[in-house]
Amino acid sequence: MENLIIKDEDSSLLEGAFLDKKVQRRSFLKYAGAGAAGVALLAAGCKHSNYNPDDPENGYGSGISLGTGDVAILNYAYALEQLEAAFYTKVVSSFYSGASDVEKAFLTDIRDHEIAHREFFKAAIPANGGTAIKDLEVDFSSIDFTSRASVLGTSMAFEDLGVSAYDGVGYALKNATFLLLAGKIASVEARHAATIRELLTPNTFLGDQVTADSVNISRSPAEVFAIAGKYIKTKIDTSSLPTS
Amino acid sequence: MNIVNILEEIEKVDGEIYERLNPRRKAMKEFFSMGSKIALSAMPFALGSMFTKAYGQTVPEPVVDVLQYALTLEHFEAAYYVKGYNEAPIPAADKPAIQMIRDSEAKHVAFLQQVITAAGATPVAAKASYDFSAGTGTPAGAGNGPFKTAFSDYAVFLAVAQVLEDTGVRAYKGRAGELLGQKVYLTAALGIHAVEARHAAKIRYMRSMNGFSIKPWITGGNDSGNANADGNYAGATPESNVNQGGVIITDLNGVNGKISVNAATEAFDEPLTKAEVLALVAPFGVS
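For the protein sequence lines, the chains are C and W, in the order given.
96 is the number of the first residue of the first sequence in my numbering; add one for each residue after it.
11 is the number of the first residue of the second sequence in my numbering; add one for each residue after it.
Reference listing, derived: stretches of chain W covered by chain C, where coverage requires no fewer than 3 residues with Cβ under 8 Å from a Cβ of chain C:
id : segment
1  : 99–111
2  : 118–132
3  : 183–189
4  : 219–228
5  : 252–258
6  : 265–278
DSS-like, lysine-lysine: derived pairs with alpha carbons at most 27 Å apart:
id : chain 1 : residue 1 : chain 2 : residue 2
7  : C       : Lys229    : W       : Lys268
8  : W       : Lys193    : C       : Lys269
9  : C       : Lys185    : C       : Lys217
10 : W       : Lys284    : C       : Lys269
11 : C       : Lys199    : W       : Lys268
12 : C       : Lys199    : W       : Lys225
13 : W       : Lys225    : C       : Lys185
14 : W       : Lys268    : C       : Lys185
15 : W       : Lys268    : C       : Lys217
If you are wondering where the hints come from, they were derived from the structure by calculation, not from laboratory data.
Cβ coordinates follow ideal geometry from the N, Cα and C atoms, glycine included.
Same shape as in the complex, but just chain W (with noise of 0.2 Å):
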């Protein structure tokens, strides 16, 4: 990503790279205004933004749509945090943990509004309020849903945050092909995919050192001990899954015999797709 090799190799194949730039000012202009307010980090975006521009194009329609799509999810991931570390009766030992994962999910949220904001186009705002009681859609009333007590109920807390990472885990692999070959957008979302199961995995060792049985690894299908949370661990590809790419792992080779099936559904993350994922969230007021 050195810039003067960008351009040298640029000038190999297009002699006028310079004279594009130059005469498209607006795409120059509006590169370098927006330096000055987005994160240097962001910056890769601003600049893949301006050549883009510089040749007249756009960020592709669908990585606009993925990017938004993560914002969604993200607005209400930070937004349960931030109500979480409030109002939930978090113990001492775990109030730095919650913390670190509220301001980790308003990160991305600022990340993807800059990178949406380079990339040409407005980011998707967060709704004025969620219904983190998943009671939203029907039958249940608003607010009356059955994850009432998440803030009342410290266990109930962790059991929502888990689906809730688990789930964005598998939201973000769900559309990474999208983003197939984009270099900057990919990279970024792979990033934010693996925090999500950082995220995931820690939340999942709290709730085993708080006394439940779980692991950090998604074993089986649902295991977070609520059954409302089916939906997010099924699917088209559901984490019982074991077939991979055709490669069945139960049948292959473990230490004793043949791979175990939760091993094989342990080892391995699944996808959701984007209907999947928005029906999953509908509850909750996110659309």
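Okay, chain C solo, but in the shape it has when bound (with noise of 0.2 Å):
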């Protein structure tokens, strides 16, 4: 339901574009004009070609090739896994300070998970006759691993960005078999997402990450990467992502 955010320049295209060159031909919108807002609402969301990969604002031009297909989506799937287990590797090494035992536990726990995940990904696209890209190298500079809530921030934001990535895009893939591994490897990160927003504040399990409708935000590789970005240095070319 990512559609249904109210962007400025969406609306404008609305009564611009739109309403010059359909409504007039067809009355469409004057069907609409009850729920003129409720559709100016959905039109909000994604235009269509709505990733450029080539688009310099994220940083994302050419780079590594993720391949085609469902296989492109387990290679996405399997960067972020990366990012995930590199990042919780780190935290464990070496604990912030006041680190209470819970709280280790549960990080040491969340660290193998990912891991699990990462060398899954990597074991099951050459044995589905796909290439996993190569090992990312990772930028968490600006995380201070020293600080309680930079480390549980950061958990926080990648949990919830991976919960919301894996939802948005299931629908894209062709393979029944890789859609449930999805969703088994889905849940199981909103299960850490939940459970990291209990450590930094209790009854926040489903916070901001849920609609109206109380259903999880999904989110598309193009708003993936815009917040992930800046955690990996290796450029990915996601131009390959399947988008229907």
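Hints in hand, dock the two standalone chains.
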């Protein structure tokens, strides 16, 4: 439901091209009269061709290839799992001061889960005829690993991001087995996210990650890389990711 | 999901899209009369329904079946938390969380009802009553099942809540494949699936805070501490599974040697089939 976000430029787009070209032609929006606000909200989502991989704004021009089709999606997940595993490996190698036993236990478990996910993709992609991307170089210079707030805040961001990334890309998978595998991992990421959120602030296990209907938000790869990009040094070419 | 783009894209392959939308007034009329009644967030579903009607199609039956199945389970979960919130001896510290989960389940019910209605079907109704003791099945008697103290013993209430949430996660996962490629429906189902997992983690965390040794993730198999829930963690693909698509997770390298069985089982949640879930909830009077 990421499309229910109102952006000014989209509203003007609606009033412009759409009204001129289509509404007068077939009075489409006349029918929508009462629901105009709703249609505006719907229209305010992603525009088609909404992700330009060469957009210098997010720094993702040419880079390593994810492959095509389902393999590209698996590599996309593999990239995120690499990022998470690298993060927790560093966290656990030297805990922030004042880390409680519960926090240490949770973070160690999560590290092991993320390594399991990473190693799974590394093995499963070639086993299914694809080429797994290489080991990514990460950039954690913005994280203060001695600070609880920085570590747990980053952890929360990564976990929430992971959940929304899996939820946002599942529809593009063509193979039901891969979809099931993605689902198996996605719910574990959701468990992580809820747990870290509880460590930071009690009763935020849902927090701002759900819609008014209590459905978890989902994010497109473009939205995900806009957030995760600063932590990944290796350039990734996302242009081959399927969008339907 | 820009409607301008959608119409333009359709026009490229079907020059008569506008004619199709117009003569079939019924589809348009239904869409916009529905529009005034449903929440904005359900609009994509109503819009999808309008297009399928314009082309003389309906939402595929398997999709509706998955939605009805989800609603059947959400009705039950919602009812459990309504009763639990009112009757169980919930400590003050936990009350807000139970209230949030109660409300979250109620929202899932309302959302699925809207989506099913938008798809042109009649949402299944909640049962007039449930047997929260899980006693409706044989040989136990109604109201006298293994969980009969769920609303008088808070530890049992949380244990049952954990089992219901974990089972909910497994139930959605088990049917995701039937929504393959259905962008709007699958994304919504995955979104609810993730929220059920967030509930499960919170319930498990609360159990640990209340003195029961358990993690927010499923370790091994039935870690609920209640053998009556063995089936909820078993099945054709049990929670103890370490074979993921042919990859044996415990053969992979971890930090010190191979990945442990605990980590391998915790890192992947497993599905339940429709038949497995329906058999598990039957003793609660859910069908």
